[in-house]
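A.B. asks: Chains F and C, in that order, are what the protein sequence lines are. Following this note's numbering, the numbering of the first sequence begins with 1 at its first residue and continues without gaps. Following this note's numbering, the numbering of the second sequence begins with 1001 at its first residue and continues without gaps.
Hints listed in this document are in silico derivations from the structure and should not be mistaken for laboratory results. Hints are not guaranteed to be accurate.
As the list claims (entries may be wrong) - Listed next, the in silico DSS-like pairs over lysine-lysine satisfying Cα-Cα at most 25 Å (straight line):
#1 C:K1127 to F:K95
#2 F:K289 to C:K1127
#3 F:K4 to C:K1127
#4 F:K59 to F:K259
#5 F:K164 to C:K1036
#6 F:K289 to F:K164
#7 F:K4 to C:K1034
#8 C:K1131 to F:K289
#9 C:K1034 to F:K164
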Amino acid sequence: MNAKVTDRLATLCFILCAAITAGTLFSLLGYIVFQGVSHIDWHFLTADASTFQAGGGIKNQLWNSFYMLLMTMFFSVPLGIAGGIYLAEYARPNKITAFLRSCVEVLASLPSIIVGMFGMLLFVNTFHWGYSVLSGALALTIFNLPVIIRVTEDALAAVARDQKEASFALGATHWQTIRTVLLPAAFPGLLTGIILSVGRVFGESAALLFTAGLSTPNLNFGDWNPMSPQSPINPFRSAETLSVHIWAVNTNGIIPDAKIVAAGSSAVLVIVVLLFNIIARLVGALIEKRWSGK
Amino acid sequence: MASERNELTMPSTGRAARAQHLLKGKTWSDRDLKAKIFIFSAALLIMAATVALTVFLIVKGLHSFLIDGISVIEMFVAGEWNPNANPPSFGALPLLFGSFAVTLLSVAIATPIALGTAIFMTEIAKKRGQKLMRPVMELLVGIPSVVYGFIGLTVIVPFIRDHLGGIGFGLLAAGIVLGIMILPTVTTVAADAFQSVPNHLREASLALGATRWQTIYRVVVPAALPSVLTAVILGMARAFGEALAVQMVIGNTAQIPHSLTEPAATLTTMITSSLGETTYGSLQNDALWSLGLILLAMSYLFILVIRFLSYRRRSS
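Kindly produce the complete structure, drawing on both the sequences and the hints.
C.D. replies: The structure is reproduced here in C-alpha cells:
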C-alpha cells in the first residue's frame, strides 16, 4: 500500500469519525424531540404529577425548575461577575490569587454529586433548611459560579487595552473605568456566556437530589405569600425539578406511564436547553452587530 | 446613569457639579471603595466555599472510620458491600472496580472517535469543519445528563438485551452512555491542542514530501500529545464523577461482574441510590459519606494530574 492510498484511507477515517459525532448528536436530538413531542400537550404541561396513576403532568416540576433557575442566577451572577472582575482587574500575581484560581478550578471540576452532598451537609442539615428551593439554589450557585467567573474574566480580558488606558488618562478611577468602559465593552460576551450557563443549570440534577428533594408539596398557585407552605414561591419548601423528575419516575417511580412522562419531560428539557442555546447565539450576534456598527 | 456618563466625558470640571456630588455622597472614590469591598468579599467567599466544601466532606467522610469503627483496610480490600446484613460489611472494592471499569470503558469508546473528529476539524476540513462541528460539540455538552440516562434506558439497554444477551443493564451500557457524554469534552480540548501546533511544523513536513496523513501522525499528533492526554484525563474525570446517567443504566448491584453485560455499581451510583434512603447519622449513611470522600479524593487527584500536565507543557 503506497503513501497516497494510506493518506486517502486516513482522510476517509477522519471524515467517518466526524460523521459519527455529528450523527450521534442529530439522532439524539431527533429521538428525544420526536419521541417526546407527541406526548406534550396543554394538559401535560399544566396538570399535577400523579403519584401512582397514569396521565400525570409536569406543572409543578416545570415551575420549580424555572423558580430554582431564577434564584440560582440571582445569587451566582453578581457573585460570579465580582469574582471575574477580581481576577481580571484587582488580582495581584501573588499566592492568594494563585489559591483563588485553584479554588475556581476545583469548583469547576468537582462532580456535581459532590456539590450536592456538600449542599446536604451545610444547607440541609447544618442550617436546618431541609430539602428546599433555597438549599438547591445555593448548591447550584456553587455549581454555576466557576462558569460565570471564567466567562467574566475572559470577556474583560478581551477588551482592548487602549480603551482602558484612555479611560484612565481621562482621570477616571479604577471602578469608574470598570463600570463605564470595561463592563459595557465586555457585555456581549458576558451575556452570551451567562445565557449558555442557564441551559446547564436548567438541566442539572445530581446536585439537587440531596438539596431540593424528590417531592413537591401540593402547590396552590393562588397563594403568593412566601411563608405559606403551599405557596409556589416559598423558598423553604421542597422542590423536585423537571430533570430530577425524569430520574425519579424512571428509578423509583410506580406510575404505569413512567416512560411516557419521562419522554415528554426529556423533550421539554431539551427544547428549553436548545432555546437558551439559540437565544445566546442570536443575542451575542445581534449585540455584536449593533455595537460594531456593521 | 446620565450623571455617570457625564462625569466620564467631562471629568468634573465644574466646581458646582463636584460639590453637588459630594453632597450626595456619591463621588467615584466612594463608589470605588464600595465596589472594591463587594468584589473582594466575593473573592473571599469563593475561597471560603471551596475550603468549606473540602473540609466538611473530609470530616463527614472520616466519621465512619474514626467513630463508627469501620476499618479503612476493610473498605478498600473486602469484596462485599452489604450494609444491611448482620454483621454489615463495607467492602467498597466492587464499587471502586465499577467506577474504574466504566471510566476506562467510556474513554476507550470515546477517545478514537473524539481524536478523529478533532483531526477532521483542525487538519482536514479546517474552515467548514470548525463551523459545523463547534456548535455540534456545544449542543452535545448542553444535553442534560438525565436525558443521556433516559436514552440509555430506552435505547441502549434494550439493544444490548436483544443482541448481546443478559438483562441489558451493566458496565457496557454505562460505558456507552458515558462515552457519548464525554465525547464533546475530549473532542473540544483535543481540537484546541491540534490547533495550537504551529503551522510551520506542518509546512516543513509537507515540504519534505510527506502526505497529510504522515504529517498528522508523525508531526501534529506527537507535538500535541501532552495536551491530548489532558483532554483524555478531563474526559475520565467527568466519567468518574457522573452519577445519575450511570445509575439509570448500570443495574445497581454491588458485585464485581464477570462480563460487560452483567449489572454492577459504582461509587456514584451507590451514593445516588442510597444516600437519601438511609437515616442521617446511621452507620449505613456514614459509610456512604466515606464513599463520597473517596470520590472527592479521586476528583482532586484528577485535578492534580491535569495541573501537572499543563505545568509541564508550559515549562517545556
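A.B. asks: Against this structure, judge whether each hint is valid.
C.D. replies: Verification of the hints:
1. Restraint check for C:K1127 and F:K95: the C-alpha separation of about 41 Å exceeds 25 Å, so the hint is violated.
2. For a cut-off of 25 Å, the pair hint linking F:K289 to C:K1127 stands: about 22 Å separates their Cα positions.
3. Proposed proximity of F:K4 and C:K1127 is supported: the alpha carbons are some 23 Å apart, at most 25 Å.
4. Using a Cα cut-off of 25 Å, the hinted pair F:K59 and F:K259 holds, with the two alpha carbons roughly 17 Å apart.
5. Between F:K164 and C:K1036 the CA atoms are separated by roughly 18 Å; this keeps the pair inside 25 Å, and the hint holds.
6. For a cut-off of 25 Å, the pair hint linking F:K289 to F:K164 stands: about 22 Å separates their Cα positions.
7. For the hint pairing F:K4 with C:K1034, the CA-to-CA distance comes to about 67 Å; that exceeds 25 Å, so the pair is violated.
8. With a CA separation close to 19 Å, the supplied pair C:K1131 and F:K289 stays within the 25 Å bound.
9. For the hint linking C:K1034 to F:K164, the alpha-carbon distance of about 21 Å falls within 25 Å, and the restraint holds.
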